[in-house]
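S.K.: Residue numbers (the numbering used here), protein chains in the order written: chain A, 1 to 288; chain B, 1 to 336; chain C, 1 to 429.
Please keep in mind that the hints were generated in silico from the structure rather than gathered at the bench.
Here are the computed lysine to aspartate or glutamate pairs in the EDC-like style, where the Cα-Cα straight-line distance is at most 16 Å: (1) C/Lys-70 <-> C/Glu-343; (2) C/Lys-127 <-> B/Glu-174; (3) C/Lys-102 <-> B/Glu-290; (4) C/Lys-309 <-> C/Asp-386; (5) C/Lys-104 <-> B/Glu-53; (6) C/Lys-102 <-> B/Glu-53; (7) C/Lys-316 <-> C/Glu-57.
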Amino acid sequence: MSLLIYGLINSVILALYTVGFSLTYGISGIANFAHGALYILSGFAAWTFMNAAGLPFWLSGILAVLISAIIGFVFYWVLLLRLRGIPLAELIVTFAAGVAILELLTWKGFYGIRYSLPVLVRGGVEIFGVGIDYQRFIVLACGVFLVVGLWLFVHHTRIGLAFRAMAQNERTALSIGIESDWIGSLSLAFGAALAAVAAMVVLPLGVMESTIGYEVLIYALAVAIVGGLESTLGMIAGSFLIGYGQIAAARYIGAKWMIIVPLAAIVFVLAVRPSGLFGKFKELEERV
Amino acid sequence: MAERDFRKKRLDRGIKARSDTIFAVASTKEILYLLAPRFVPVAILLLLPLFLESYWNKVLVYACIYGLLALSWDFLASCGLFSLGQSLFFGLGAYIAGALNYYFHLPTVVTIPVATLAGGVLCAALLSPVMRLRGVYFAMVTLMLPLLLMKVVETTGVFGGTHGLSSLAGFPHEMLAIYLAIIGFLVCLFLFRRIMNADYGLILRAIRDDDRSVMSGGINIYWRKSQALFIAGAAGSFAGALMTHHYQFVGMSTFALDYSILPVAAVALGGPGTFAGAALGSMILVPLSEALRALGGLRIAIYCGILIVSIILLPEGFFHYLARKYHQFERIEKIK
Amino acid sequence: MKKGTILFSIAVLITTLLIIPAGPAGAAKPIVIGVPTSLYTPFGRDGLKAVKLAVEELNAKGGVKVGSEKRPLKVVVADTRGGEPSTPVHDALMAYERLITKEKPDAIVIGAFRSEVLIASMDLVSKYKVPQLGTIAQSPGFQKKFMKDPKKYKYLFRVTTDALVDATYLNNTLDILKNKYGLKTAYFIYQDTLWAKAFSGLMSKHCKKTGWKQIGFDGYAAGATDFSPALTKAKDEKADLIGMVWDVPLGAGVFAKQYAAMKVPALLIGFIPPMASPMAVKTVGPGVEYAMSIEFPVGASLPLKKLPKTVDFLSKFKKKYGSLPEAAAVNSSAYDAVFILAEAIERAGTLDPDKLVAALEKTDYKGVSGRIRFNKQHIAVFGTKDPNETGVCVIFQWQKDASGKLRRVPVYPDFLAEGKIQLPPWMKK
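In isolation and in its complexed conformation, chain A is listed as follows (with noise of 0.2 Å):
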């Protein structure tokens, strides 16, 4: 039983991680290779707000976010506009940029025990006998409602649709009079934003530190390749896969074996399967 629900957990977890980057790349077609340092780095402010100014938890949060998706928004305009088309460029200066995040975070001091967040609710409850906190459940109440929301949303609103025009042909959406630098700003904030949501939800579960920018970054390319890069249920298929993967990995062969699964899976899935388990609309001319 409780190998199920703390599956579960982590899958949700490993979803949220990488509902963003999926996000972005799935309409701009940009890796953005930042994603893990926006991650910890929305953590760190939400603990600077709270701790340097005062506020409180969720203000801190919400500011967080907002902050966030700002960087999201500014990196466009100042790093990618140029460098549209040439992936080795867009990758390198996404990454070179979260590195430099990271590394700043470590040189201000931000490391080490004391940073941490606090958890919404302390305590937890016993179902069918496994223990969880009610952090966990926050955790997996926000990984479901992201998921849907974004749905709702890339279907249902006038901005989302844009996003699926640019997502389906740059060029189309162009001449129909979607503004394609536009809506890829808006489409790294969005990426940007939901990194700090994850982070703010999942922070708290443990300590902060810059490392797990990279922690991040590795496993939403995981679950997103796995997945299947531009597919909603994709991403989740990944993430349920891997989760529930590293927890029986623990469980039944050792706990060391836990952080090799996600690894394992991409090389056996890519290799099997190269569209990944769900990718669809690009599927073989791209991939293969």
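Given the coordinates of chain A, work out where chains B and C should sit on it, guided by the hints.
M.R.: For chains B and C alone, coordinates are given in the frame of chain A:
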């Protein structure tokens, strides 16, 4: 507004137009024009170790090693394999050389060539299942594989586990290591340029541009791709083996992300596609990173900043920019 | 035009940054102490602070006497980034070598953070013949490599404990828990690195020998961020005690919070920095109550009434830096190392590395962490009996005092104890 009325016009220099043809032999000036960009850097690189102190010589070796990785990246990219896992090549070579020396006490004369060849074969074998992938998907697999191997070493504890293998055989003289690195780097550079300009390279480049048409020409592209993987893998493994003996140590950090990302950064900075760009990029980036050590904690952040700015300002790469300045002149013209 | 100005301003920025760090020239030629370590980790940062504190104290007294001349001490620092698992060892070694060749330190203190870097740096240090007093890395691999060629590696010393000592302390505490408090079942979790594995392995072996029922001995990768499998196991199989050894702050933080949240009815003991640090109540919450941790050596973060030197060191530290050191390990060793070095220099009367090493070998110093002498493997001798004979460690437990405030109470060894071990109410049968 004023900018709109003018445009930049680029024209080949006269000497370039003249020396483009076989008549180059006609004058010493033209021969110099052709040879200088090739010979001057080579000569500088070969003479440099004699004038540097020991620490900067280490940096030079480091630069050559990253240079080799960058070259191997560029080679793969020339046949359409966009890799993010140069550290796989590096780490395999390093571990093969290290293990041979540690467990069987083989001398460096044996371990380095064996590691180079075996590393190449292993790389090709490991990546062969995913060879049909393209673009970002191939990149992801190559990014993950070294991390996976690193975790495997950590978890299973093979080859010394987290502690690595230390006290390996070193080079009898430091200069030997330095020149081995430099010569390996130069040979690789000119060999790769040669290969790419020959018929063999033509096919590889054709695979990058349009693999279907190469297939319809009756050529087995997967066999070609695995050959390319072998060549690139051997170059990377040579770098790894060299590093292992130079530092007399090999550990799981040879699979670290640095060895994957920095070569790509070097290529992005220098300009892809010509090998010279990759070489130039690593010769700039590595000494820069060392010079920045004086700054302490901010080092990597500033390094990233410089990288970002230079890529944004010169998206084509340093080498292409320099080559253009060398061969062409520009003038502003009024638009009629 | 625009490009030109941008490039120009960058060039100016870089040159100014490169020029600034050049320090002022001193009057008497200072003795240079090199500190190559992973600065951006709690251990590295607080260790450096402790070193600077010690240097300041010595300089206030006029410096260290070399032969007939009194010379001040100077600290030069290099960030090896060795604490970050993603840093290549070669990169850390470059930083190390740069410090040695550029700054020409007369001795090195603190040294490598990760065992991997320590082992790899041993060849480098002996090549350049710089006496080194290492105070962080605890790997038993050090002794092993040292014994391979004691003559070559004679420049290397370790001032702090190693896993063996730490485990002895915990084993003795386990005995007490078993005999006096009737705990029977134990479950061990360790971070899958060599020193932690050796450490917890010793504990597990001891348990098997003394009749504990052991339900598991599980290694987690250092980057692990979810411990629910372990905690569920401990809960399902009714472990009385969870032994844990973990030094990477990230995983330990997650574990500490998860342990508190899942309400596992088992006593926690071991080395878990977030639960041992003075800030634990803030980081982990009131769940830290009853958790027991080892501090090695004494004086790293907990002032002990029965060892006035620890109180003295930590109050100086707090006065200078505003708060206690964060990590419950090795800070006092860094502080002691500087004094040991200064004393050896005075005895040797020279900075010549070989003579300095000979003087260091004869060290007999009573410092914050106890009495420090080196054995044949150049390791400081630690024991469990008497701080006047060897270096010592301490085990403490988070307990509520009369006013209901959580504080750390030393419970073992007896000559340091200020209270008795308390069992949590949910465990009393």
